[in-house]
Amino acid sequence: MLEPSTLGVLAQQHGDNPMPVFSFMGNASQHPQQVPCYITHTNEKTHDVIRSNLDRSPMYAGVIEGVGPRYCPSIEDKVMRFADRNQHQIFLEPEGLTSNEIYPNGISTSLPFDVQMQIVRSMQGWKTRRIVRPGYAIEYDFFDPRDLNRRWRASLSRGCSLLVRLTALPVTKKPLRKVCWPVLTLPVCLLTKKVGLRHVLRRISAY
Numbered sequence: 001m002l003e004p005s006t007l008g009v010l011a012q013q014h015g016d017n018p019m020p021v022f023s024f025m026g027n028a029s030q031h032p033q034q035v036p037c038y039i040t041h042t043n044e045k046t047h048d049v050i051r052s053n054l055d056r057s058p059m060y061a062g063v064i065e066g067v068g069p070r071y072c073p074s075i076e077d078k079v080m081r082f083a084d085r086n087q088h089q090i091f092l093e094p095e096g097l098t099s100n101e102i103y104p105n106g107i108s109t110s111l112p113f114d115v116q117m118q119i120v121r122s123m124q125g126w127k128t129r130r131i132v133r134p135g136y137a138i139e140y141d142f143f144d145p146r147d148l149n150r151r152w153r154a155s156l157s158r159g160c161s162l163l164v165r166l167t168a169l170p171v172t173k174k175p176l177r178k179v180c181w182p183v184l185t186l187p188v189c190l191l192t193k194k195v196g197l198r199h200v201l202r203r204i205s206a207y
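UniProt numbering puts the last residue of the sequence shown at 207; the count rises by one with no breaks.
No wet-lab data here; the hints were simulated from the structure.
Please note: incorrect hints may appear among the correct ones.
Distance ranges between label pairs, derived from CB positions [stated by the list, open to error]:
{"hint": "1", "residue 1": "128", "residue 2": "89", "range": "19 to 25 Å"}
{"hint": "2", "residue 1": "67", "residue 2": "15", "range": "33 to 39 Å"}
{"hint": "3", "residue 1": "114", "residue 2": "62", "range": "19 to 25 Å"}
{"hint": "4", "residue 1": "35", "residue 2": "117", "range": "23 to 29 Å"}
As the structure is a computational prediction, the values presented were derived from the model and not from experiment.
Beta carbons: idealized from backbone N, C-alpha and C, even for Gly.
Go ahead and model the full structure; you've got the sequences and the hints to work with.
Here is the structure:
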């Protein structure tokens, strides 16, 4: 996340005109005002900074072993996979109508903060700006749900309750139960120092 800069030197990208609505019953006057986004580009200096610091990128140094999303590559991937390109387009998106922060869409990265500063300041319109919140990389993992018992505890680790994220299953409340029950029972386990609880939510009574 970046502080706003001298955006006037950059190309603007406005929203649709006339303003679209999400329903045939809607009215454009009911929607908040639109603010423009801006466009800047990486350049050879940007790419040199990235190439010279690849050893500090967890994604390239082997710290992160997972494969990143196919259609949302990091700026490191863009520079290395498309070496024939001398620039990549970056969309500068205001975080809100009253926010002073700008989100640079197109330079996701796992490089350290000092390198991110060099990357940002190498591009037009951002030479004197600062980063409010640096970028970061995450790696997802997976736990086999078949290893959970009826108390949502993992058989491989005694006393380990697993909290799962809600999934898009509109016809069942089961995902919600997966989240709520470990949250409710964990404090009891900690206070009583007991791993097991007598009460188990079964299908016939869980709802």
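Here is how each hint holds up against the structure:
1. The hinted range of 19 to 25 Å is satisfied by residue 128 and residue 89, whose Cβ atoms lie roughly 22 Å apart.
2. Judged by the Cβ atoms, the range 33 to 39 Å given for residue 67 and residue 15 holds: they are separated by roughly 34 Å.
3. For the pair residue 114 and residue 62, the beta carbons lie near 21 Å from each other, so the given range of 19 to 25 Å is met.
4. Distance hint check for residue 35 and residue 117: the Cβ-Cβ separation is about 26 Å, which falls inside the suggested range of 23 to 29 Å.
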